[in-house]
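Protein chains in written order, with the working numbering: chain X, -6 to 399; chain F, 1351 to 1465.
Be aware that one or more of the hints could be misleading.
Ranges between beta-carbon positions, derived for each pair [as the list claims (entries may be wrong)]: (1) X/Gln53 <-> F/Ser1453: 48 to 58 Å; (2) X/Ala277 <-> F/Ala1424: 49 to 59 Å; (3) F/Ser1453 <-> X/Asp120: 36 to 46 Å; (4) F/Gln1428 <-> X/Pro193: 44 to 54 Å; (5) F/Ala1421 <-> X/Glu347: 52 to 62 Å; (6) F/Ala1396 <-> X/Asp93: 55 to 65 Å.
These are calculated hints, taken from the structure and not from any lab test.
Glycine included, C-beta positions come from ideal geometry on N, C-alpha and C.
For reference, the chains in residue letters:
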Amino acid sequence: MAVDVQTHMATAPDIGAVRRALVVDDERVQRLIVAGTAAKAGFTVDSAASVDEARALLVQHAYNVVVLDLSLRDNDGIELLRSLYTTGTDPVLVFMSGFDERVREASARLASALGLRVAGTLAKPLDLDRLVTLLGSLPERPQIAAAPSYAEVTPDRIAAALSKDEIFCLYQPKISLRSGRMVGVEVLARWRTATGDIIPPIAFIPVAEAAGLIEPLTWAVLEQAGAALHDWHKIDPALTMAVNFSPSSLNNLGMPASVIDLLDRYNLAPETVVVEVTESAVMADFVAAAEILTRLRIRGVKVSIDDFGTGHSSLLSLMRLPFSELKIDQSFVRSLLHDPESPKLVQAVLRMCEALGLSVVAEGVETQAVADVLLALGCDVVQGYFFDRPLSRADLTSRLVAQGTV
Amino acid sequence: MTRDLSAFPALALLESRLGSALVAAIVEAFLEDTPATLGKLQAAGAAGRASDVAMYAHAIAGSAAEMGLEALNAAGRQLERIARSDPAQIAAHLPGVLALGASGLDSLGRTFADS
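So here's chain F without its partners, still in its complex pose (with noise of 0.2 Å):
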């Protein structure tokens, strides 16, 4: 089936080199794995533990950014570099990171439901 990359120009680059199939793969990887690393998140921080709101922030970051969410990429390195250096804040900014993390999930999820 062919779907509407248009909203995604990243995966439609990763589609054009990798093929659909792969990148349906790829795609399915993340929706499966995020929110048990965004559970993670959530829980490090309100357990206080900064190194591991750093490291799972940056892995979602990562992640994030070769599907093109932009947004959720940016807040997370943000995220990062808050719990490395002043963790005080963590609180302040891992709601938002949540809230990009559900939306690009839900807007991925639908893009992909049917493949």
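Only chain X is shown next, with the shape it has when bound in the complex (with noise of 0.2 Å):
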């Protein structure tokens, strides 16, 4: 009797409905124990013994986790995970070895730091209550990731887009995990091609960074986003509405006008609205991104520094800038169940956000657990796939309406 636990409901759907493992190990007593649980638990499973039956599987399915062997015979696990990082899904990780705590942890963060997803890490032998816990954590869908590139996505491509009003906007909500309630949202650009294809911002926004053609599209995308946040203020008027500004904004000392002017021109306060600058933006001309978010923040806008603690100055950009509120990157926050050492960063960055005076979101919340450890830890304020997915303007509406007035 060879049995292996290679495929339960083989013609499930991959994505959506089903949840899908796959167990990467090339011991098969591993495979079977961990392909076992995980079937128990309600998945359909596929096995791999190697590397290169890892890779074969991950481009034929969409899987919500990989339990991953560090040890492999072929190769270790560590060489799947930038296979996984170009597969075109996003699955959350388990990591298991007969290794120590330290080694699983370090796999851990390397994970992390290639934007990947860790739900936890196992010793061996297998413990499998642990097992069965982390597999219960995950989202329940898994995340398609962006496509990493799009051949027909050329400068002349995106003009053409912008002047027949393809580039959409979609808002994903923040919520206060003290209220319950939505307290503002961040706008994020979409491509709708004129076949109905959606492309992504990672897809366009870098070409259209290289073209020249960001500050027709940042504003465009401003338009759309204004007049909705106008809409939105008759219902509730705290909302607040965030923007994503790109280095070549951030050169153009003439922006801090025109934002004032759009808020004139959509009679929105001030206040409701966040400019968002990447730490790496802010240092591309330091000078000039130093006048403008100061002329920004001195007409009553907020200014607010995202991925906070990916780059390497954050504390004296931090000191010398103007910033209102604070972002803590995701991959702090997705590792807070699993790396002792998350919670505690978390936690001084929101003494020192306290200290500051400055606001803080966490950002990629995916489960009820890495809320309660936020809300714990004292963050009020998060947004990730656990609450919302980026909604539409009008089903954003919806929300708002059925969310009522405070």
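If you follow the hints, you should be able to join the two separate chains into one complex; please do so.
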């Protein structure tokens, strides 16, 4: 009898209704135990005995979770991490290993540094209760990663898309954990082509940046978002809207005046608008960025530093620039449950922000457990797929109406 | 058929979680795969390939731990450490791992012979 728990419910669809797990271990005994446990937990399970087998499966299916042995005979599990990053799905990782905890945690940190999501690590022999707990903590849906490239994305096509209003906005809600209410949104640009395909920003923003089209693109987005916020303020006047600005926008000394003009035209209170910038964008031309951000703050617009903690001069930036908000990068948030250092860092950031008078937003919250930890640490405002995926203007309006007034 | 797993509490626990059919498959996988891994371990030791000794010892120890073969698990872990830190001592420890592997296979094989 040579039984392997290769595939249950093999005809099930890949995404959405079925939760799918991939077990990667060169030992059949371990594969059977993990696969059997995952199957009992309701997963459709595939098994791979090598990195090559795993890669082949990853291009066929979207997995919610990959349970990965760190010590494979043909390779080590780390080799698979970069493959995971480029396969078009973004499964959550569970590392297992007979090596000590430091090796497992270092691997988890490496995965987080690559932008991958890690649910936790498992020692061998396997603790099945912990495995079940980790599998139960996963988000319901596999995340579809942005495609790494789109051959049809050219500067000419982006310019045409702008003229044909193919660029549109989605809005990612920000939630107060204490009140449970939506307190703000972040504007996200998308491109719907004439054929109905949706092109994610990662595919066209860099092209627009390089082609000098980011300014018209940014203002096309801002016009739509400004009009939407004007309407939403009739329901909730305190709702805030965050807009991302690119590095080149922080070279344009006319940008503050343009923002103020937009606020005037849509009758928006400046304190309800948040200009989000990344640290790297600020550092590209620090003097110009400092002037622009200071002028915005003088006019009452809030300024947020995005992806805090992933750059290399964060504290210096915080000291020199007039930020009013800090966003804790999702790599810290995602590792809260499995990396014992992560809650300490997040708590330190929260204390620092309190001392500096900065508000805080934690991004990338995908489970109730992570939200609970953040609330316990003192973080109130969060965003992430656990609460809402990015919503259309109409859907967000409905959500605001359902929420009612305070 | 009901098996007496009193000598293998780790397998009894697995059976309570995963069911008897899957545990039988897991043990069968161990019985089928481990002799080959022991053979590769022996060959690696004879050839002086310390990194391979460490790799196969690690694999055997891991599977043995899941079966509840604690002595084989401990000896395998020790051989793995020795192979990485003091390869000259491999020859002194390898026979013990091979012997524990053989006895573990025999014990499990008899318990699961009828399944």
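Original post:
Which of the numbered hints above does this structure break?
Top reply: 1, 3, 6
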